[in-house]
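Participant: Residue numbers (the UniProt record's numbering), protein chains in the order written: chain Y, 1 to 245; chain H, 1 to 245; chain U, 1 to 245; chain D, 1 to 245.
By construction, these hints were calculated from the structure, which means they are not laboratory data. Using N, Cα and C, we set each Cβ at its ideal position, and we do this for glycine too. Be careful, since some hints might not be right.
[Claimed, not checked] Taking CB as the label site, the calculated pair distances span:
| # | chain 1 | residue 1 | chain 2 | residue 2 | range |
| --- | --- | --- | --- | --- | --- |
| 1 | U | Gln141 | D | Arg156 | 40 to 48 Å |
| 2 | Y | Lys74 | H | Pro208 | 34 to 42 Å |
| 3 | U | Gln243 | H | Ile241 | 27 to 35 Å |
| 4 | Y | Phe142 | U | Asn97 | 47 to 55 Å |
| 5 | Y | Asn138 | H | Gln157 | 27 to 35 Å |
| 6 | H | Pro208 | U | Val149 | 55 to 63 Å |
| 7 | D | Ala41 | Y | Ala41 | 27 to 35 Å |
| 8 | H | Ile241 | Y | Gly194 | 44 to 52 Å |
| 9 | H | Asp153 | D | Asn92 | 41 to 49 Å |
| 10 | U | Asp199 | D | His111 | 28 to 36 Å |
| 11 | U | Phe142 | Y | Glu95 | 33 to 41 Å |
| 12 | H | Ile241 | D | Asn92 | 52 to 60 Å |
| 13 | D | Lys71 | U | Asn242 | 29 to 37 Å |
| 14 | U | Gln141 | D | Asn105 | 53 to 61 Å |
[What the hints assert, rightly or not] Cross-link-like lysine-lysine pairs, in silico, DSS-like; alpha carbons within 25 Å at most:
| # | chain 1 | residue 1 | chain 2 | residue 2 |
| --- | --- | --- | --- | --- |
| 15 | D | Lys245 | D | Lys7 |
| 16 | D | Lys223 | D | Lys186 |
| 17 | Y | Lys2 | H | Lys107 |
| 18 | Y | Lys107 | H | Lys245 |
| 19 | D | Lys71 | D | Lys46 |
| 20 | Y | Lys107 | H | Lys107 |
| 21 | Y | Lys2 | Y | Lys223 |
| 22 | D | Lys2 | D | Lys202 |
| 23 | U | Lys50 | Y | Lys186 |
| 24 | H | Lys223 | U | Lys245 |
Each chain, written out:
Number of protein chains: 4
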Amino acid sequence: MKLIITKTYEEMSEIASNILLGYILSPENQNIAITGGRTPALMYEKLVTKMSGLNISYNTTFYNFDEIAYKRSKREGITISDLRSYFFTPANIPEENIHRLDETNYKAHDHLIQSRGGMDFILLGVGADGHFCGNLPNTTQFFDQTTQVVMSDAMRQNVGEFHFSDPQEYPDTYVTMGPRSVMNTKNILLIANGKEKADIIKRILGGPVDPLVPASILPLHPKITILIDSEAASELDEITINQYK
Amino acid sequence: MKLIITKTYEEMSEIASNILLGYILSPENQNIAITGGRTPALMYEKLVTKMSGLNISYNTTFYNFDEIAYKRSKREGITISDLRSYFFTPANIPEENIHRLDETNYKAHDHLIQSRGGMDFILLGVGADGHFCGNLPNTTQFFDQTTQVVMSDAMRQNVGEFHFSDPQEYPDTYVTMGPRSVMNTKNILLIANGKEKADIIKRILGGPVDPLVPASILPLHPKITILIDSEAASELDEITINQYK
Amino acid sequence: MKLIITKTYEEMSEIASNILLGYILSPENQNIAITGGRTPALMYEKLVTKMSGLNISYNTTFYNFDEIAYKRSKREGITISDLRSYFFTPANIPEENIHRLDETNYKAHDHLIQSRGGMDFILLGVGADGHFCGNLPNTTQFFDQTTQVVMSDAMRQNVGEFHFSDPQEYPDTYVTMGPRSVMNTKNILLIANGKEKADIIKRILGGPVDPLVPASILPLHPKITILIDSEAASELDEITINQYK
Amino acid sequence: MKLIITKTYEEMSEIASNILLGYILSPENQNIAITGGRTPALMYEKLVTKMSGLNISYNTTFYNFDEIAYKRSKREGITISDLRSYFFTPANIPEENIHRLDETNYKAHDHLIQSRGGMDFILLGVGADGHFCGNLPNTTQFFDQTTQVVMSDAMRQNVGEFHFSDPQEYPDTYVTMGPRSVMNTKNILLIANGKEKADIIKRILGGPVDPLVPASILPLHPKITILIDSEAASELDEITINQYK
Numbered sequence: 001m002k003l004i005i006t007k008t009y010e011e012m013s014e015i016a017s018n019i020l021l022g023y024i025l026s027p028e029n030q031n032i033a034i035t036g037g038r039t040p041a042l043m044y045e046k047l048v049t050k051m052s053g054l055n056i057s058y059n060t061t062f063y064n065f066d067e068i069a070y071k072r073s074k075r076e077g078i079t080i081s082d083l084r085s086y087f088f089t090p091a092n093i094p095e096e097n098i099h100r101l102d103e104t105n106y107k108a109h110d111h112l113i114q115s116r117g118g119m120d121f122i123l124l125g126v127g128a129d130g131h132f133c134g135n136l137p138n139t140t141q142f143f144d145q146t147t148q149v150v151m152s153d154a155m156r157q158n159v160g161e162f163h164f165s166d167p168q169e170y171p172d173t174y175v176t177m178g179p180r181s182v183m184n185t186k187n188i189l190l191i192a193n194g195k196e197k198a199d200i201i202k203r204i205l206g207g208p209v210d211p212l213v214p215a216s217i218l219p220l221h222p223k224i225t226i227l228i229d230s231e232a233a234s235e236l237d238e239i240t241i242n243q244y245k
Numbered sequence: 001m002k003l004i005i006t007k008t009y010e011e012m013s014e015i016a017s018n019i020l021l022g023y024i025l026s027p028e029n030q031n032i033a034i035t036g037g038r039t040p041a042l043m044y045e046k047l048v049t050k051m052s053g054l055n056i057s058y059n060t061t062f063y064n065f066d067e068i069a070y071k072r073s074k075r076e077g078i079t080i081s082d083l084r085s086y087f088f089t090p091a092n093i094p095e096e097n098i099h100r101l102d103e104t105n106y107k108a109h110d111h112l113i114q115s116r117g118g119m120d121f122i123l124l125g126v127g128a129d130g131h132f133c134g135n136l137p138n139t140t141q142f143f144d145q146t147t148q149v150v151m152s153d154a155m156r157q158n159v160g161e162f163h164f165s166d167p168q169e170y171p172d173t174y175v176t177m178g179p180r181s182v183m184n185t186k187n188i189l190l191i192a193n194g195k196e197k198a199d200i201i202k203r204i205l206g207g208p209v210d211p212l213v214p215a216s217i218l219p220l221h222p223k224i225t226i227l228i229d230s231e232a233a234s235e236l237d238e239i240t241i242n243q244y245k
Numbered sequence: 001m002k003l004i005i006t007k008t009y010e011e012m013s014e015i016a017s018n019i020l021l022g023y024i025l026s027p028e029n030q031n032i033a034i035t036g037g038r039t040p041a042l043m044y045e046k047l048v049t050k051m052s053g054l055n056i057s058y059n060t061t062f063y064n065f066d067e068i069a070y071k072r073s074k075r076e077g078i079t080i081s082d083l084r085s086y087f088f089t090p091a092n093i094p095e096e097n098i099h100r101l102d103e104t105n106y107k108a109h110d111h112l113i114q115s116r117g118g119m120d121f122i123l124l125g126v127g128a129d130g131h132f133c134g135n136l137p138n139t140t141q142f143f144d145q146t147t148q149v150v151m152s153d154a155m156r157q158n159v160g161e162f163h164f165s166d167p168q169e170y171p172d173t174y175v176t177m178g179p180r181s182v183m184n185t186k187n188i189l190l191i192a193n194g195k196e197k198a199d200i201i202k203r204i205l206g207g208p209v210d211p212l213v214p215a216s217i218l219p220l221h222p223k224i225t226i227l228i229d230s231e232a233a234s235e236l237d238e239i240t241i242n243q244y245k
Numbered sequence: 001m002k003l004i005i006t007k008t009y010e011e012m013s014e015i016a017s018n019i020l021l022g023y024i025l026s027p028e029n030q031n032i033a034i035t036g037g038r039t040p041a042l043m044y045e046k047l048v049t050k051m052s053g054l055n056i057s058y059n060t061t062f063y064n065f066d067e068i069a070y071k072r073s074k075r076e077g078i079t080i081s082d083l084r085s086y087f088f089t090p091a092n093i094p095e096e097n098i099h100r101l102d103e104t105n106y107k108a109h110d111h112l113i114q115s116r117g118g119m120d121f122i123l124l125g126v127g128a129d130g131h132f133c134g135n136l137p138n139t140t141q142f143f144d145q146t147t148q149v150v151m152s153d154a155m156r157q158n159v160g161e162f163h164f165s166d167p168q169e170y171p172d173t174y175v176t177m178g179p180r181s182v183m184n185t186k187n188i189l190l191i192a193n194g195k196e197k198a199d200i201i202k203r204i205l206g207g208p209v210d211p212l213v214p215a216s217i218l219p220l221h222p223k224i225t226i227l228i229d230s231e232a233a234s235e236l237d238e239i240t241i242n243q244y245k
């Protein structure tokens with residue numbers, strides 16, 4: 001594990017965009033799963049700028065690692081929509097380089113990834129409650145799940161209401177790569193910023209492996225980088241910082 | 001994770017020796033930590049036979065991953081003595097390709113491994129109580145330890161008396177690579193055989209991640225192979241076998 | 001590069017089967033291209049024995065790296081037929097784990113391999129004339145070919161008559177992975193045995209990179225192992241042996 | 001091989017600095033050899049900016065891959081001096097993370113790199129005459145050299161006078177990693193810009209492997225990225241660009 005602490009959110013976003021770009025420019029095909037949400041917004045903005053004008057073909061396939069469908073509308077789910085507006089559309093990623101995980105194909109997801117050579121890189125955020133992807137404190141008993149469907153009640157209990165303006169759009173279930181699928185990735189980058197993440201970062205780096213803090217499993221991955229701004233690092237003690245930096 | 005079930009202990013030993021030999025014959029330098037104990041005895045016998053007469057130079061460095069010193073005698077500790085008699089001596093491994101972990105150098109162990117390019121491969125056994133290396137049920141609260149010294153009372157409580165004929169040789173402490181150090185290895189092979197391991201294998205593959213079963217963390221490693229004979233696999237159900245085989 | 005010299009052909013075959021088995025047992029999916037011909041015959045025999053009775057699912061896909069079709073018969077080509085009789089059939093490799101390269105699909109071959117995560121391992125023989133796969137002294141001007149079709153006149157000039165009892169079966173062309181495709185593999189194992197290979201082994205290990213000795217390019221691969229018996233090594237000098245062993 | 005063509009030198013430098021930064025920020029120790037000369041000047045400037053203010057410890061060791069000593073002065077050689085002024089000093093790289101290759105230690109260089117886990121990444125420039133590192137058209141007959149000492153007459157013939165203001169400082173020899181050492185690196189990035197490199201880039205990507213064009217060997221590396229600006233790409237045809245981009 002490597003811990004990188006930046007002064008600002010802007011600097012965290014710059015570094016994250018560089019790391020992600022490194023994978024995209026690899027001479028080998030890459031399978032990359034990336035996160036939606038607010039944390040990576042500036043990172044994607046920077047990445048789109050860096051990629052514009054490059055005369056390359058993409059030998060990267062991008063994946064969403066969870067998906068929350070709309071119950072009534074036929075439109076695409078929340079995660080993939082996020083990724084499109086943040087990244088795929090402005091960066092002109094060809095549709096054939098985008099793989100949508102959803103409720104129709106999740107059962108074959110881990111096998112598909114394996115048949116394509118494995119997941120090379122996953123960019124994760126972390127919730128203040130310790131969730132990553134859709135692995136919530138009350139859905140991650142054993143850490144042994146692969147890609148799965150989860151009852152969305154769990155999400156309501158943990159991370160508040162869905163991001164739906166219309167409550168009738170609440171789905172009954174959502175899909176997510178499970179802890180085992182994520183740990184089976186070759187390289188992980190976890191990003192976090194802001195004071196509201198300081199407590200969970202402290203628990204992840206210094207506390208026990210605990211199903212009630214799902215992200216507590218992540219530091220045991222052999223190739224994980226945790227990239228956070230100074231606010232998210234504000235509750236870490238010197239010993240922890242020096243041990244992992 | 002890949003699960004390989006062999007019919008017999010002999011076959012398990014044959015496969016394990018082949019996998020280990022593959023690392024030893026790699027064109028790149030390899031750092032390899034290997035286990036003592038009874039489980040690998042036949043594997044080492046087979047490996048020594050396979051290696052005899054090969055006109056190669058060894059670009060492998062071998063490590064012990066734990067060590068129990070004798071309190072009074074000046075002789076080498078239990079683990080390295082095991083490895084010498086099983087493997088290093090009959091295979092004529094040059095002394096410069098052997099790194100002894102002990103109480104004088106354990107603090108620098110993880111850093112040393114990193115400076116040599118990381119641990120490429122670790123061969124582990126597992127105790128009926130779920131311990132691996134010196135990580136015992138009552139010493140592994142957080143899974144976050146690196147290479148460390150442990151009070152040997154813990155060992156007495158868990159795995160019975162030390163293997164000392166003379167009780168005055170009982171040391172007060174022993175050293176071991178911790179869960180984090182082991183998880184930081186690039187490839188892991190866990191071997192187990194016999195009915196007395198059937199219950200712990202079932203708990204490792206099907207149960208929660210639990211500090212009281214230290215080896216329960218291992219299936220979350222992205223590149224672990226679990227190689228067991230049919231007796232050790234006898235309590236696994238078909239679903240588990242088909243999921244991982 | 002690592003050079004391994006065994007006393008006998010039998011020992012060379014044993015080591016080669018162990019290395020190949022190591023890839024087949026990997027916890028990750030593997031793409032493996034393997035050679036036909038006489039050199040690996042005993043290796044396949046040993047490999048089949050080692051694999052029999054293992055209760056594993058194969059997450060390896062096997063590939064032929066060249067193919068010579070029959071001109072008139074509808075039967076499968078020479079290479080894949082060799083591989084079936086030596087290995088696929090006795091080892092019960094499921095058909096879905098076999099990918100046949102032939103004249104209908106060679107153009108997409110390199111792209112297909114990339115989309116599956118790259119070729120992990122290739123087992124090569126070498127001809128007394130320095131050819132590897134179908135890369136012959138008079139077809140390999142620039143070393144920059146990928147998988148391609150070649151006029152079979154070249155083969156007649158170099159490696160004698162085809163292995164056809166009926167001359168009317170001689171095809172006009174054959175297909176082969178080119179030097180670039182082979183060099184793009186993650187790991188290479190080159191095997192050779194017998195006095196008739198001693199001269200070419202000497203030229204490969206000690207001579208210039210020369211399109212008239214196609215295999216002369218191979219020692220520049222970062223992860224190649226050259227595994228030969230003492231007869232094939234009989235013209236190497238001590239300096240060369242010590243440099244690479 | 002992956003070919004990346006940028007519009008400008010500035011953009012080439014930006015991308016190169018991102019790729020290099022990706023290795024520096026790896027959670028694993030990295031051995032990285034980097035180039036002096038004019039081509040990377042802006043890249044280092046950008047890299048220093050990106051690295052400033054990062055609260056990380058460096059687990060990267062940096063290497064020069066060739067060295068031209070001063071004959072009379074006791075000062076450090078030309079290459080390491082270049083690297084210090086461009087990068088090590090402004091980026092505050094600790095001295096313990098810098099390994100100087102010179103005439104006192106070159107014989108042990110390849111072995112040292114291997115004992116540290118291998119060279120992870122090398123950043124190369126290319127001369128208009130096709131040289132890379134100190135591998136010149138008239139010193140690279142067989143492509144099989146490892147790190148070596150070379151008579152500096154060769155350099156005078158090929159790349160003009162040394163960069164010495166005082167002719168009495170001309171050394172009789174210089175040291176360089178040879179073609180085999182460079183090809184033995186895990187990942188290669190070759191950068192080039194400007195019209196004076198257009199012809200050599202064309203020959204490297206489209207011509208034969210030729211000892212008189214030492215860099216012609218590089219495209220056969222399985223993990224090389226060639227990153228050039230539009231001027232250096234100006235003599236490439238569409239087929240070549242589409243094949244490799």
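Participant: Between Lys50 of chain U and Lys186 of chain Y, is the straight-line Cα distance small enough, at 25 Å or below?
Facilitator: violated (30 Å)
Participant: Please test the hint of 44 to 52 Å on the beta carbon pair from Ile241 of chain H and Gly194 of chain Y.
Facilitator: holds (45 Å)
Participant: Against the range 27 to 35 Å, how does the distance between the Cβ atoms of Asn138 of chain Y and Gln157 of chain H compare: consistent or not?
Facilitator: Holds, at about 34 Å.
Participant: Determine whether the Cβ-Cβ distance between Gln141 of chain U and Asn105 of chain D falls within the hinted range of 53 to 61 Å.
Facilitator: With Cβ atoms ~40 Å apart, the hint is violated.
Participant: A range of 55 to 63 Å was offered for this pair. Does it hold for the Cβ distance of Pro208 of chain H and Val149 of chain U?
Facilitator: holds (56 Å)
Participant: Taking the beta carbons of Ile241 of chain H and Asn92 of chain D, is their distance inside 52 to 60 Å?
Facilitator: holds (55 Å)
Participant: Has the given pair, Lys2 of chain D with Lys202 of chain D, been kept, meaning a C-alpha gap of at most 25 Å?
Facilitator: With a Cα-Cα distance of about 15 Å, the restraint between Lys2 of chain D and Lys202 of chain D holds, given a limit of 25 Å.
Participant: Hinted pair, alpha-carbon criterion (25 Å max): Lys107 of chain Y, Lys107 of chain H. Please report holds or violated.
Facilitator: With a Cα-Cα distance of about 45 Å, the restraint between Lys107 of chain Y and Lys107 of chain H is violated, given a limit of 25 Å.
Participant: Is the gap between the beta carbons of Gln243 of chain U and Ile241 of chain H within 27 to 35 Å?
Facilitator: At roughly 47 Å between Cβ atoms, Ile241 of chain H and Gln243 of chain U fall outside 27 to 35 Å, so the hint is violated.
Participant: Decide if the proposed pair is consistent with the structure: Lys245 of chain D and Lys7 of chain D, CA atoms, cutoff 25 Å inclusive.
Facilitator: Roughly 14 Å separates the two Cα atoms, so the pair holds.
Participant: Would you mind confirming whether the straight-line C-alpha gap from Lys107 of chain Y to Lys245 of chain H stays at or under 25 Å?
Facilitator: Holds, at about 17 Å.
Participant: Taking the Cβ atom of Lys71 of chain D and the Cβ atom of Asn242 of chain U, is their distance within the range 29 to 37 Å?
Facilitator: holds (34 Å)
Consistency note: the structure conflicts with the earlier hints numbered 1, 3, 4, 14, 19, 20, 23, 24.
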